[in-house]
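Residue numbers (my numbering), protein chains in the order written: chain A, 27 to 133; chain B, 122 to 239.
By construction, these hints were calculated from the structure, which means they are not laboratory data. Computed from a predicted model, the values in this text were never measured in an experiment. Hints may contain errors.
[Stated by the list, open to error] Cross-link-like lysine-lysine pairs, in silico, DSSO-like; alpha carbons within 27 Å at most: (1) B/K224 <-> A/K129; (2) B/K224 <-> B/K180; (3) A/K68 <-> B/K224; (4) A/K68 <-> B/K140; (5) B/K134 <-> A/K68.
[Stated by the list, open to error] With the Cβ distance kept under 10 Å, some of the chain A side facing chain B (calculated, not the full set): (6) W61; (7) T120; (8) Q126.
[Unchecked claim] Each pair of labels, with its calculated beta carbon distance range: (9) A/P106 <-> B/D194: 41 to 47 Å; (10) A/P106 <-> B/N178: 26 to 32 Å; (11) A/S38 <-> B/P162: 22 to 28 Å; (12) B/Q124 <-> A/S35: 32 to 38 Å; (13) A/G94 <-> B/A137: 41 to 47 Å; (14) B/T179 <-> A/S36: 32 to 38 Å; (15) B/N178 <-> A/D43: 25 to 31 Å; (16) A/I132 <-> B/D194: 43 to 49 Å; (17) B/N178 <-> A/D96: 29 to 35 Å; (18) A/G118 <-> B/R188: 22 to 28 Å.
All C-beta atoms in this analysis are idealised placements derived from N, C-alpha and C, irrespective of residue type, glycine included.
Next come the chains, spelled out residue by residue.
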Amino acid sequence: DIQMTQSPSSLSASVGDRVTITCRATQSINTYLNWYQQKPGKAPNLLIYDASNLQSGVPSRFSGSGSGTDFTLTISSLQPEDFATYYCQQSGSTPYSFGQGTKLEIK
Amino acid sequence: QVQLVQSGAEVKKPGASVKVSCRASGYTFTSYPLHWVRQAPGQGLEWMGWINTDNGNTKYAQTFQGRVTITRDTSASTVYMELPSPRFDDTAMYYCARGDGYKPLEDWGQGTQVTVSS
Numbered sequence: 027d028i029q030m031t032q033s034p035s036s037l038s039a040s041v042g043d044r045v046t047i048t049c050r051a052t053q054s055i056n057t058y059l060n061w062y063q064q065k066p067g068k069a070p071n072l073l074i075y076d077a078s079n080l081q082s083g084v085p086s087r088f089s090g091s092g093s094g095t096d097f098t099l100t101i102s103s104l105q106p107e108d109f110a111t112y113y114c115q116q117s118g119s120t121p122y123s124f125g126q127g128t129k130l131e132i133k
Numbered sequence: 122q123v124q125l126v127q128s129g130a131e132v133k134k135p136g137a138s139v140k141v142s143c144r145a146s147g148y149t150f151t152s153y154p155l156h157w158v159r160q161a162p163g164q165g166l167e168w169m170g171w172i173n174t175d176n177g178n179t180k181y182a183q184t185f186q187g188r189v190t191i192t193r194d195t196s197a198s199t200v201y202m203e204l205p206s207p208r209f210d211d212t213a214m215y216y217c218a219r220g221d222g223y224k225p226l227e228d229w230g231q232g233t234q235v236t237v238s239s
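Work the whole structure out from these sequences, hints included.
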């Protein structure tokens with residue numbers, strides 16, 4: 027099974043900051059890597075699919091990159107509504123494993 | 122628009138079967154697999170398994186193999202996730218989500234809280 031590891035597990039930042047979250051797979055998943063945002067009490071929401079494609083309706087300050095085993099999610103200028111938990115997930119092979127999550131908090 | 126509507130919260134005693142439903146609308150039900158994802162209190166997301174809604178084939182994560190059963194009723198456009206003998210540590214929020222092979226989980230249900238308590 028493919029394991030996904032995110033870093034950091036938590037992150038404090040301010041409105042307007044640029045932040046980067048990384049995700050590493052234990053074996054190559056090509057670009058079958060997705061990013062989700064989850065707010066308390068809500069279902070996850072797809073942000074980025076296939077490593078770098080912005081889901082419809084998601085603000086352009088979100089971007090993704092990477093291939094193989096190493097991936098990043100970048101938020102170019104944090105907005106108040108971006109404080110949430112972020113998960114990466116691989117869809118290259120079952121089980122479709124998730125990273126452990128990165129909690130983004132207000133500094 | 123695509124909607125996945127899940128059944129309501131459940132409280133069960135250990136060993137008492139629980140079955141959660143996920144009714145799909147807004148697309149052709151048999152065209153996309155449906156997945157189940159678990160989230161224990163304060164924890165991350167855990168992929169449980171999926172079902173091919175066309176032929177009924179299923180695939181489970183090793184952790185859930187033999188402990189969960191996913192089925193579907195094409196006439197009702199509904200997928201079910203059953204825990205035949207839940208344990209205390211099955212207390213969690215359970216989500217259904219739509220996603221094709223190699224594709225992301227694009228649409229999610231609202232979640233169903235399952236509490237296992239004596």
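So, going through the hints one by one against the coordinates:
Between B/K224 and A/K129 the alpha-carbon distance is near 24 Å, which keeps this suggested pair within the 27 Å criterion. A threshold of 27 Å between alpha carbons decides the hint, and for B/K224 with B/K180 the separation of about 16 Å falls inside it, so the pair holds. Distance hint between A/K68 and B/K224 is fulfilled; the C-alpha atoms sit about 21 Å from each other, no more than 27 Å. The hinted pair formed by A/K68 and B/K140 meets the criterion: a straight-line CA distance of about 21 Å does not exceed 27 Å.
Annotation: proposed proximity of B/K134 to A/K68 holds, straight-line Cα distance about 26 Å (limit 27 Å). Using the Cβ-Cβ criterion of 10 Å, the hint placing A/W61 at the interface with chain B is satisfied: the shortest such distance is roughly 9 Å. Proximity of A/T120 to chain B holds as hinted, the smallest CB-CB distance being about 5 Å (cut-off 10 Å). Annotation: A/Q126 was flagged as interfacial toward chain B, and the flag holds, the nearest CB pair being 5 Å apart, inside 10 Å.
The beta-carbon spacing between A/P106 and B/D194, approximately 43 Å, falls within the hinted interval of 41 to 47 Å. Between A/P106 and B/N178 the CB atoms are about 44 Å apart, so this pair departs from the stated range of 26 to 32 Å. Checked against the given bound of 22 to 28 Å, the beta carbons of A/S38 and B/P162, roughly 23 Å apart, stay inside it. The hinted range of 32 to 38 Å is satisfied by B/Q124 and A/S35, whose Cβ atoms lie roughly 33 Å apart.
The beta-carbon spacing between A/G94 and B/A137, approximately 46 Å, falls within the hinted interval of 41 to 47 Å. Judged by the Cβ atoms, the range 32 to 38 Å given for B/T179 and A/S36 holds: they are separated by roughly 35 Å. Distance hint for B/N178 and A/D43: a CB-CB separation of about 46 Å, inconsistent with the stated range 25 to 31 Å. At about 45 Å, the beta-carbon gap between A/I132 and B/D194 stays in the expected band of 43 to 49 Å.
Between B/N178 and A/D96 the C-beta distance comes to about 33 Å, which sits within the given range of 29 to 35 Å. For the pair A/G118 and B/R188, the supplied restraint of 22 to 28 Å holds, since their beta-carbon distance comes to about 25 Å.
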